[in-house]
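Put chain E on the given structure of chain Z with help from the hints.
Protein chains: 2
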Amino acid sequence: MQSPKLDDVAKLAGISKTTVSRVLNNRGYLSEKTIKKVYAAMKALHYQPNDVARQLFNKETKLIGLIFPTIANPFFGQMAYQLETRLFNKGYKVLIGNSKNDPKKEETYLQKLIANQVDGLIVGAHNKDIEEYNNANLPIVAIDRIMNKDIPVISSDNYDGGKKAMEILLARGARHIVHVNGPSDLASPAQERRRAYEEMMRARNLPAVTYTVDFNLSEAEKIKVFRKIFQNNKQVDAVFASNDVDASLIIKLAKEYQKRVPEDLLVVGYDGTDIVRLFKPELTTIVQPIEQIAEAAVETLMDKIAGKETPLKVVLPVTVHKGETA
Amino acid sequence: MQSPKLDDVAKLAGISKTTVSRVLNNRGYLSEKTIKKVYAAMKALHYQPNDVARQLFNKETKLIGLIFPTIANPFFGQMAYQLETRLFNKGYKVLIGNSKNDPKKEETYLQKLIANQVDGLIVGAHNKDIEEYNNANLPIVAIDRIMNKDIPVISSDNYDGGKKAMEILLARGARHIVHVNGPSDLASPAQERRRAYEEMMRARNLPAVTYTVDFNLSEAEKIKVFRKIFQNNKQVDAVFASNDVDASLIIKLAKEYQKRVPEDLLVVGYDGTDIVRLFKPELTTIVQPIEQIAEAAVETLMDKIAGKETPLKVVLPVTVHKGETA
Numbered sequence: 001m002q003s004p005k006l007d008d009v010a011k012l013a014g015i016s017k018t019t020v021s022r023v024l025n026n027r028g029y030l031s032e033k034t035i036k037k038v039y040a041a042m043k044a045l046h047y048q049p050n051d052v053a054r055q056l057f058n059k060e061t062k063l064i065g066l067i068f069p070t071i072a073n074p075f076f077g078q079m080a081y082q083l084e085t086r087l088f089n090k091g092y093k094v095l096i097g098n099s100k101n102d103p104k105k106e107e108t109y110l111q112k113l114i115a116n117q118v119d120g121l122i123v124g125a126h127n128k129d130i131e132e133y134n135n136a137n138l139p140i141v142a143i144d145r146i147m148n149k150d151i152p153v154i155s156s157d158n159y160d161g162g163k164k165a166m167e168i169l170l171a172r173g174a175r176h177i178v179h180v181n182g183p184s185d186l187a188s189p190a191q192e193r194r195r196a197y198e199e200m201m202r203a204r205n206l207p208a209v210t211y212t213v214d215f216n217l218s219e220a221e222k223i224k225v226f227r228k229i230f231q232n233n234k235q236v237d238a239v240f241a242s243n244d245v246d247a248s249l250i251i252k253l254a255k256e257y258q259k260r261v262p263e264d265l266l267v268v269g270y271d272g273t274d275i276v277r278l279f280k281p282e283l284t285t286i287v288q289p290i291e292q293i294a295e296a297a298v299e300t301l302m303d304k305i306a307g308k309e310t311p312l313k314v315v316l317p318v319t320v321h322k323g324e325t326a
Numbered sequence: 001m002q003s004p005k006l007d008d009v010a011k012l013a014g015i016s017k018t019t020v021s022r023v024l025n026n027r028g029y030l031s032e033k034t035i036k037k038v039y040a041a042m043k044a045l046h047y048q049p050n051d052v053a054r055q056l057f058n059k060e061t062k063l064i065g066l067i068f069p070t071i072a073n074p075f076f077g078q079m080a081y082q083l084e085t086r087l088f089n090k091g092y093k094v095l096i097g098n099s100k101n102d103p104k105k106e107e108t109y110l111q112k113l114i115a116n117q118v119d120g121l122i123v124g125a126h127n128k129d130i131e132e133y134n135n136a137n138l139p140i141v142a143i144d145r146i147m148n149k150d151i152p153v154i155s156s157d158n159y160d161g162g163k164k165a166m167e168i169l170l171a172r173g174a175r176h177i178v179h180v181n182g183p184s185d186l187a188s189p190a191q192e193r194r195r196a197y198e199e200m201m202r203a204r205n206l207p208a209v210t211y212t213v214d215f216n217l218s219e220a221e222k223i224k225v226f227r228k229i230f231q232n233n234k235q236v237d238a239v240f241a242s243n244d245v246d247a248s249l250i251i252k253l254a255k256e257y258q259k260r261v262p263e264d265l266l267v268v269g270y271d272g273t274d275i276v277r278l279f280k281p282e283l284t285t286i287v288q289p290i291e292q293i294a295e296a297a298v299e300t301l302m303d304k305i306a307g308k309e310t311p312l313k314v315v316l317p318v319t320v321h322k323g324e325t326a
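As you go down the protein sequences, you meet chains Z and E in turn. 1 is the number of the first residue of the first sequence in UniProt numbering; add one for each residue after it. 1 is the number of the first residue of the second sequence in UniProt numbering; add one for each residue after it.
Pulled out of the complex, with its shape left as it was, chain Z reads as follows (with noise of 0.2 Å):
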């Protein structure tokens, strides 16, 4: 059975195309009994209003384009939903790309992003240096990442994070403190963890050491990395890990070096989604405010497609989740 279209509608309501399309777009004068033979004729046919058709009067497409690195983390799992519900809510359509942080595919989400015409972009991705989105003539939102002067950042307070967790390894007596955070050379906020981690080792005297693991690694990859801290690291007491993947990464290598967490090794992980802390309650580490900077995500970028000003920097605190592995 084929899809009933327009002109069947026009033909069984007896009525031109162009004012059934009128009728669809609630276009120019229309007489209630002209819009009732419209209705009736489009649920006798169980026809559905084309927003194909629709957009190129309206010019709106109600789609936003969100580009993460990969929603199966749990972090950007549970920002993805949280971000979706608030625009569903507004009347908005989500489409959603995996770049993996490869900025090839990053850029061709981009590209076809545009192509379709979204109202706008919510990006959580990897790259500063896609021209793309400085040509793009879109309203974008940058979540945790810095793209380029113009598009506002939305983040929790990275260095008020790292300077949580390095307070508590500290006050619990660890002194070879190693850190795990991405590339230095990645355009995010949270560097500004790696900050905080250094300035207060080097305040104290102490050698700080960062192993950096790329987001795309295979977990088999990064282990590999992992191993290092505790070959080329005796008496490392103490990581503080950039994320909670990483985390459990670690602990679960600690058993391997014959390292109990706590007693030998203390271990704080970072963002505490809900999965984790459901899943894995005895890990300590730092929350961030997903639902929070979801809100302000979608209200900036609202505020942008309304062609109003908007800060280029939002930060929200973070707070601390107690467990028992720090």
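Think of the hints as simulated: they come from the structure by calculation, not from any bench. Everything numeric in this text was worked out from a predicted model, so none of it was measured. Honestly, I wouldn't trust all of these hints.
Because identical chains cannot be distinguished in the list, a pair is counted as satisfied if it fits within a single copy or across any two copies.
[Stated by the list, open to error] Calculated pairs, DSS-like style, for lysine-lysine (alpha carbon to alpha carbon, straight line, at most 30 Å):
#	residue 1	residue 2
1	K255	K222
2	K11	K163
3	K255	K105
4	K105	K37
What follows is chain E alone, placed relative to chain Z:
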């Protein structure tokens, strides 16, 4: 600055709008000179070809809609990621909706996605009673949900999963085994897990006790139900939970009732996502083959879009992750 329009490209290239359209859609005879002129003008203006205009010619939108209860849940998050990655490689973009098993919201999504002219749908949400699925005139594939008799269902072998969970618990000597699942009126193949549980209990003259919790209950509401497991079944020595989130909540609660896991209470979960196996490797769980399910769902949908015959049912094998909780 206003976005450049097809008009602007046509003017700059000194060519009619129709011809520019034909170049964008690769239709009819076009000289190399014309093509080059159009692309040069597009580049100079940073013009992004508009899919909306294209769709009117091509009919295909290269959009696929996904409807899941919530991608904040690690099973659906990992599934949505696997689906999106595969669809991206086939040239599709993905529209996503979190229905929270709310039939009203699901219906709204469905109408919006149809209106947006998606080329197909993959649905892991709830409700067989939504009339639109029958009138959609659209290629649809369901994951672990029975929609109507014409919609192919991709799932893992839920009966075998239930059987495997029960075999583990019975072999460890458990006799007072309680089951947790979704409401039985849900048209879900996951009810096969319950059937395996009940049949294996009955075959041993053991009483079958199933507690049901709806997917969209809050953590607090679920815990209220799970308390009854401990309050009304003093002798309970094992729980077979139909997902890992519920299994984790029950393990959390067991402490309160002075039940040590696994000494006093064995627990088997279900799903075995990457995330639960990383965060909670000690949980014994039945592992669904998420990548294979995603692969089969995408292949089946592609076949439906191409007008090919497809199987009405694809059932994939489960495996066991042996942790310490059972």
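Consistency of the hints with the structure:
no.: 1; hint: K255 / K222; result: within (16 Å within a copy, 34 Å between copies)
no.: 2; hint: K11 / K163; result: neither (69 Å within a copy, 58 Å between copies)
no.: 3; hint: K255 / K105; result: neither (37 Å within a copy, 46 Å between copies)
no.: 4; hint: K105 / K37; result: between (48 Å within a copy, 28 Å between copies)
Hint compliance for this structure: hints 2, 3 are broken, all remaining hints hold.
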